[in-house]
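> For reference, the chains in residue letters:
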Amino acid sequence: MVNYLVAILTFVMVYAMLSLSLNVQWGLTGLVNLGHVGFFAVGAYTSAILSKLGFPFLSSVAMAALLAAFFGALVALTTLRLKEDFLAIVTLGFSEILRLFLINESWLTGGANGITDIPNPLKGFFLPTDISYLVMLVGVVVLLFLLLERFRRSPYGRMLRAIREDEIVAATAGKDVFRSKVQAFALGAAIAGMAGAFYAHYLVYIAPEMFIPMVSINVWVALIAGGSGSNKGAVLGAFVLMGFLESTRFLKDFIPLLGGFRLAAVREILVGLFLILLMIYRQEGILPEEKTVHD
Amino acid sequence: MLEQLPQFVVNGIISGGVLALPAIAFSLLYGILRFPNFAIGTYLTAGGFIAFAANATLGLPISVAFLVSMLVTGFLGVGIDQLAFRPMRERRPLTLAIVSIGVSFVLENVVRFIWGNEMRGYQVPVARGMELWGIRIGKEQVVILAVTLLVMALVQLLLKATRLGKAMRAVADNPMLASVKGIDSEQVILKTSYIGAALAGAAGVMVGIDTVVEPLMGFKLILSIFAAAILGGLGSATAALGGAFFVGLAEEVSLIWLPATYKSAIGFGMIVLVLLFRPEGLFRRKG
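Those protein sequences? They're chains L and Y, same order as listed. Sequential numbering of the first sequence, starting at 9, is according to this note's numbering. Sequential numbering of the second sequence, starting at -7, is according to this note's numbering.
Hint data in this document are derived by calculation from the structure and do not stem from the laboratory. The model shown is predicted, which means the values in this text are computed figures rather than measured ones. No false leads were mixed into what you were given.
Residues from chain L that keep clear of chain Y, each with C-beta distances beyond 10 Å, as calculated: (1) Val14; (2) Lys131; (3) Ser140; (4) Glu157; (5) Val190; (6) Tyr213.
If you want the ones that stay clear, here's a sample from chain L, every Cβ over 12 Å from chain Y, calculated: (7) Leu13; (8) Leu75; (9) Pro127; (10) Gly132; (11) Phe134; (12) Leu135; (13) Arg161; (14) Tyr164; (15) Arg169; (16) Val177; (17) Gly182; (18) Glu254; (19) Arg257; (20) Phe258; (21) Pro296.
Cβ-Cβ distance ranges computed for the label pairs, FRET-style: (22) Glu272/Y x Lys299/L: 35 to 43 Å; (23) Gln179/Y x Ala179/L: 35 to 43 Å; (24) Phe78/L x Glu272/Y: 25 to 33 Å; (25) Arg81/Y x Ile176/L: 20 to 28 Å; (26) Ala48/Y x Ser114/L: 31 to 39 Å; (27) Phe269/L x Ser55/Y: 26 to 34 Å; (28) Val212/L x Gly113/Y: 35 to 43 Å; (29) Phe269/L x Leu142/Y: 32 to 40 Å; (30) Asp165/Y x Val14/L: 55 to 63 Å.
Cβ atoms here follow ideal geometry from the backbone N, Cα and C, with glycine treated the same way.
Full structure from sequences and hints, please.
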């Protein structure tokens, strides 16, 4: 039971990072990203490959974030001068093509078999590995939350929100809209990449099948459920998501006819429906973004 | 390898034909509703499976199953529009794009729930392929191309010569002006949703005849469909047709140099290039 709880909480922390990162892009700046899993995967693979080459943990995590930011900037640069619809298409395309790359370039990524024996930096620490890893992740999420909360309230964060509300007004006020959007998108991608790195070192094994579009959908569910625009909401949403996903696991006890692929299908249908219903009926989420009068 | 070029060109024309219908559907829906509908790929999958049910389960001939599939998938598109998209008409287009991803996810898993993950095929009479100057062409492929061109011609006729077509173009052009002129935009949306989904469903049957029917058949094509529509400038149906043949040819001819697994990367690469250098599409003059 303790092991189960620790595992679930670890996933909650990883999703909290992903949801916080999507909040920088969508919640703060209004940039859509339907291929979040792509940046997550870039981070996971970068850190896994580098640490297997002998790079220390922190430097491989930093490189993971950096490379994800690079791809984020690239994706943003190709589309952000155009209609925002194109960003939706290109982000989805990016994550799909990346997965093709992960499957096909086995010299680098291990192909469909993935990468095994990724070192866990906290192995042999005085607590059981999983527990000390969870403690570390909680620390990272708290730190990230505090930093992003500061960021959101900073003049820069305020400018991003202004861009989200009305680009033309922001541009008229002398803000470099294009540049800020690229930066915000890259920052979100960097955080997603970092989440990927932490995920890889926790699982010690990664493979392309873990980085499917379902992950991006999950992150959207978490952010919209929690409250887009609010960092508290983003973290809370990760708990809601995991609670939702785990509770649907018990469906099979109630509906005995649901075996194997049917159960999996029903769970994914529920996640999709949840997202649609949230978007239609409760777009502001559980913890809506605070509206401050003066800024 | 280069001596195979004519064969790849022929294959490219066939896959361009298959892409054309969903690319037109995507452009039409985008024109009226103004958001990229990511569910179009799954409409295609649904169409493939509905025809499978009609053909393999009910024993109808494939030509009848094709018509049944178009008919039913059209209603599916209307139902989804009413349930998922209608409550959000006034929202930012991008939130609709996100909803459409949710819709595509739900629909794909409904297909999985009913039919499972296996690959299926239609009951079609085995036809011997033809060989012309060393180029192999399957009889089904000729039929696919012919039917696509026929459906295309019908779509053109509908757009250019009917009241509905005029209304569709008017709403796409300027929704405000259209409503001032007394065009009921909800009616136009309803009919466009039906036509769009039916076209995607038709393409699903063609993909199923050409290859296999499986739950990811539509999602796998989504980048190529987008590429075709974007190359066409997201505007007219004819331009989307041109875009579709362009993408189909590029994807097949690239197989001379690229492993087949990277086929959909070609579509993506073309999207990026067009967005960078000719965002108004290939066939439109800068204006």
